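Novice: Listed here are the chains, written in short residue letters.
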Amino acid sequence: MKLGVFVSDFKLTVDTLDRLKADKLGIILVMNGVYHATLKENGKSSSVLDKTSNLYALSEDLQTRGIKDSDVDKRVKVVNYGELVDLMFNEYEKLAWL
Amino acid sequence: MGENVKLAFIVQKPQYKGETSRLGITHAISYQTVEILLEDGELVTPTLCFVGEGVLGLQKGQKAMDMYGVTSSETHIKNALLVDLDVFICKEDLAKYGIPEDSLPDAEEMGADKKLQIVPYSEIQKAIEESKHVMFF
Amino acid sequence: MGTLTIGCFPGLVGNMTYDFALKLADVAATKGHKVNIWFSGNATGSVKNHQKHLKDYSTGEKYLTALLAKGVEICTCEACTVARGIQKTDAIEKVQWNAMHWYLAKVHKSDRVLQIGGE
Chain S
1 MKLGVFVSDF KLTVDTLDRL KADKLGIILV MNGVYHATLK ENGKSSSVLD KTSNLYALSE
61 DLQTRGIKDS DVDKRVKVVN YGELVDLMFN EYEKLAWL
Chain B
1 MGENVKLAFI VQKPQYKGET SRLGITHAIS YQTVEILLED GELVTPTLCF VGEGVLGLQK
61 GQKAMDMYGV TSSETHIKNA LLVDLDVFIC KEDLAKYGIP EDSLPDAEEM GADKKLQIVP
121 YSEIQKAIEE SKHVMFF
Chain X
1 MGTLTIGCFP GLVGNMTYDF ALKLADVAAT KGHKVNIWFS GNATGSVKNH QKHLKDYSTG
61 EKYLTALLAK GVEICTCEAC TVARGIQKTD AIEKVQWNAM HWYLAKVHKS DRVLQIGGE
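Chains as they are written, first to last, in the working numbering: chain S, 1 to 98; chain B, 1 to 137; chain X, 1 to 119.
Bear in mind the hints are in silico, worked out from the structure with no lab data behind them.
Be aware that a few hints might be false.
[As the list claims (entries may be wrong)] One side only, chain X facing chain B, incomplete, derived with CB under 10 angstroms:
1. Ser40
2. Gly41
3. Ala105
4. Lys109
Since the model is a prediction, treat every value here as computed from it, not as a measurement.
Here a beta-carbon is modelled for each residue, glycine too, at the ideal position from N, C-alpha and C.
Turn these sequences into a full structure, and let the hints guide you.
Specialist: As structure tokens, then:
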């Protein structure tokens, strides 16, 4: 199963995310979920970034919050809406919004 | 022969404060009438699963109608059983929150053949994998 | 090109999840995908016509009208909508009204489904 998971919150969705298993898991950080890609709480990166190597953050939601691409963790690929649509159709067969 | 599309409805939010979890149940129940919009032989087969805080709203004896004039989650769950939905409840999450399995409702008195199925999370993961689409509520 | 169905439950005003859903739909439709949107819960309030776009608040009407013009099918849950005091005569034209099985029927025919839960 190729599963793309949209993470739209900074705090609330980790329990469910921890449990989801997939042959290919993608995590797409949108809305306040983009803070997972940028904040280091008490000096530590978000554990969400350790769950897969397929990590994406939505450019428009980063820019909305005044975050520069250079502030984004190197493991995370910044994508715009057009690239996000391509990811949804080409890389993941199922999608989940948490 | 038309396609039978399996869907996993995963209720993860608690009931009552928000309506998302209730809408998850009622959307799953609506499979009963979807055939009027499908071609002959096409089917939708949902599995309704409760995980995490979603298991909190399953207690029997709910009085939502008496207190607030709205249909209880218990009634919605019974309706789901009445229309022969497979309803999976995560065993680990019931244990995590200390909810006894015998505190959950059934719809036997309403004539339902189905019962709630208390299953390990691995069964819910399997339902997700076997479904064409997964929807979280 | 494929078919994307978006289930959108969050309300128009008060958070920006709704805005995300519409922007995603617009980009997918512009790329040539078939897009369906199902409104349920608080999202159904957004089909009310004559919305005033104040800059501090999200707006739905002009974006919904543009999506409809692009061929995006948009349907609102009738029960959720009338529960909010909105009748068909008060609603944006060409938005469909139906029951939850409309959504499941569209999902049946979709390559991708994104169910966005509400508040």
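Novice: Give a verdict on every hint.
Specialist: Evaluated hints:
1. Ser40: At about 6 angstroms, which falls below the 10 angstroms cut-off, the nearest Cβ of chain B leaves the hint on Ser40 (chain X) intact, so it holds.
2. Gly41: OK, holds: Gly41 (chain X) within 10 angstroms of chain B, min 5 angstroms.
3. Ala105: With a closest approach of 4 angstroms, the Ala105 (chain X) hint holds.
4. Lys109: At 9 angstroms from the nearest chain B Cβ, Lys109 (chain X) passes the 10 angstroms test, so the hint holds.
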